[in-house]
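K.L.:
Make the full structure from the sequences, and use the hints.
Same order as they appear, the protein sequences are chains A and B. Take the first sequence: its position 158, counting from 1, is numbered 158 in full-length UniProt numbering, and each next residue is one higher. Take the second sequence: its position 23, counting from 1, is numbered 23 in full-length UniProt numbering, and each next residue is one higher.
Among the hints, a few may not be true.
Said to hold, decoys possible - Below, in silico cross-link-like pairs of lysine-lysine (DSS-like), each with a Cα-Cα straight-line distance of 30 Å or less:
1) B:139 <-> B:121
2) A:42 <-> B:121
3) A:42 <-> B:61
4) B:9 <-> A:42
5) A:86 <-> A:170
6) A:42 <-> B:16
7) A:191 <-> B:61
8) B:139 <-> A:102
Unchecked claim - Far from chain A by the CB rule (all over 12 Å, computed), these chain B residues:
9) 5
10) 6
11) 23
12) 29
13) 41
14) 60
15) 76
16) 79
17) 151
As the list claims (entries may be wrong) - Derived Cβ-Cβ restraints for the label pairs, each shown as a range:
18) A:128 <-> B:40: 56 to 62 Å
19) B:118 <-> A:183: 21 to 27 Å
20) B:63 <-> A:6: 39 to 45 Å
The hints are simulated quantities; they were obtained by calculation from the structure and are not laboratory data. For glycine and all other residues, C-beta sits at the position ideal for the given N, C-alpha and C.
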Amino acid sequence: MKYTSLQLDALKEVINIGGGHAATSISKLVARKIEMDVPAVKILSYHELYQDILADNVEVHAVISGIVGEYGGIVLFVVADDAVAKLAELMLGSSSSDKAVKMSAVSELTNIISNSFLGAIGKLLEVQLQSSLPVIQDDYFGAVISSAYVALDQYDDQIMVIRNEFTYAKERLDASLFLIPETGVIDRIVKSLGI
Amino acid sequence: MELTQKEIKVSIADYKLASSPDKMLTVGLGSCVGTFIYDERVGIGGLSHIMLPDSKPFVGKGTINPAKFADLALPAMVAELKKGAPSSNLKAKIVGGANMFNFNSLSANGNVGQRNIQAVKEMLQALQIPLLAEHVGGKTGRTMIVDLKDFKTMVRLVHSQIVYI
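P.N.:
Next up, the structure:
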């Protein structure tokens with residue numbers, strides 16, 4: 001995987017637009033302002049990923065949806081325990097102790113985020129992109145992320161990590177969105193941007 | 001002098017050797033497979049964390065990290081173990097190979113976890129190492145901790161479930 005810094009910047013801008021739309025959709029939905037940090041587009045080894053972003057032995061709630069349309073891949077939403085409670089509270093308007101209710105609220109939220117994220121990217125690139133219904137699983141971050149990349153034929157020791165982080169009322173929501181495209185998709189995106 | 005028990009971490013696409021009384025662990029096994037091969041009499045063992053079954057499709061496409069593939073990692077690790085124990089009596093335990101998120105419905109690549117388990121088992125057979133115990137398949141990720149004092153293998157699943165094999 002070799003990309004110029006200009007290509008990576010362009011990709012970052014695409015993700016920024018996608019993430020911005022996603023943050024706006026949630027803000028509208030919960031009638032509160034959710035912000036999104038400047039996205040990270042980095043090529044990292046698994047070792048760096050676990051060191052810089054999240055350790056491999058951390059238990060997370062992972063929500064995965066497939067990308068349906070012109071480009072293949074998956075959108076992975078990784079949420080820490082306390083963020084699940086916070087997000088569910090935002091969605092439901094009150095706190096709930098029922099785990100199933102919380103997870104279902106977060107799953108629904110993810111569906112909205114993924115679709116507005118993909119919709120915005122698709123619009124920019126003039127292709128149709130949607131996400132399939134999300135699958136939710138609690139597991140170790142290391143197991144989730146390595147299995148996701150391998151399932152999409154990305155076998156390199158170095159992986160391209162495309163990630164957005166969300167904040168609410170200046171407080172960091174421990175939730176990150178990863179975009180894991182199928183092989184060749186990044187090249188096509190960069191190409192269609194004319195860079 | 002009392003020997004302190006070290007805990008040696010094996011990363012994804014790597015393998016390491018250690019001896020009693022140390023512990024070795026590898027975390028976040030999803031579709032990956034962890035293979036513990038050891039010799040009880042000599043008190044040594046190796047732990048490998050492979051990602052893929054077969055290196056052949058990748059030959060000629062850049063540098064190959066042998067520790068990433070079942071077909072290369074296990075023979076290499078066993079060769080190193082045999083240096084420390086020439087007339088060794090090796091045994092194996094394997095953990096992992098889950099099909100998380102039902103990925104086979106999302107990817108054309110199929111069930112990598114199942115293929116990894118198959119490849120590791122075939123490799124062990126080829127190396128004539130008996131497989132003593134396994135905790136494989138299913139849908140959840142695992143962490144594997146092996147104790148070179150008694151060769152017990154602890155498998156930790158999410159929500160603090162623990163199984164010994």
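K.L.:
Holds or violated: are the alpha carbons of residue 191 of chain A and residue 61 of chain B at most 30 Å from each other?
P.N.:
holds (23 Å)
K.L.:
Can you confirm whether the C-alpha distance between residue 42 of chain A and residue 61 of chain B stays at or below 30 Å?
P.N.:
holds (22 Å)
K.L.:
Could you check that no beta carbon of chain A comes within 12 Å of the beta carbon of residue 79 of chain B?
P.N.:
holds (22 Å)
K.L.:
Quickly compare the C-alpha distance for residue 42 of chain A and residue 16 of chain B to 30 Å and report which way the hint goes.
P.N.:
Satisfied, since the Cα-Cα distance of roughly 28 Å is no more than 30 Å.
K.L.:
Would you say residue 41 of chain B is clear of chain A, with no C-beta pair closer than or equal to 12 Å?
P.N.:
Given that every Cβ of chain A is farther than 12 Å from that of residue 41 of chain B, nearest at about 32 Å, it holds.
K.L.:
Given the hint that residue 86 of chain A pairs with residue 170 of chain A, test it: the Cα-Cα distance must not exceed 30 Å.
P.N.:
Holds. Residue 86 of chain A to residue 170 of chain A sits at ~13 Å (cutoff 30 Å).
K.L.:
May I ask you to check that residue 23 of chain B keeps its beta-carbon over 12 Å from the closest beta-carbon of chain A?
P.N.:
Non-interface label stands for residue 23 of chain B: nearest chain A Cβ at 15 Å, farther than 12 Å.
K.L.:
Check whether the Cα positions of residue 139 of chain B and residue 121 of chain B lie no farther apart than 30 Å.
P.N.:
holds (19 Å)
K.L.:
Closest CB-CB distance from residue 60 of chain B to chain A, is it above 12 Å?
P.N.:
Residue 60 of chain B clear of chain A: closest Cβ-Cβ about 14 Å, beyond 12 Å.
K.L.:
If I take the minimum Cβ distance from residue 29 of chain B to any residue of chain A, is it greater than 12 Å?
P.N.:
violated (6 Å)
K.L.:
When you look at the beta carbon of residue 6 of chain B, is every beta carbon of chain A farther off than 12 Å?
P.N.:
holds (18 Å)
K.L.:
For the pair supplied as a hint, residue 42 of chain A and residue 121 of chain B, confirm whether the alpha-carbon distance does not exceed 30 Å.
P.N.:
violated (36 Å)
Hint compliance for this structure: hints 2, 12 and 20 are not met, and every other hint is.
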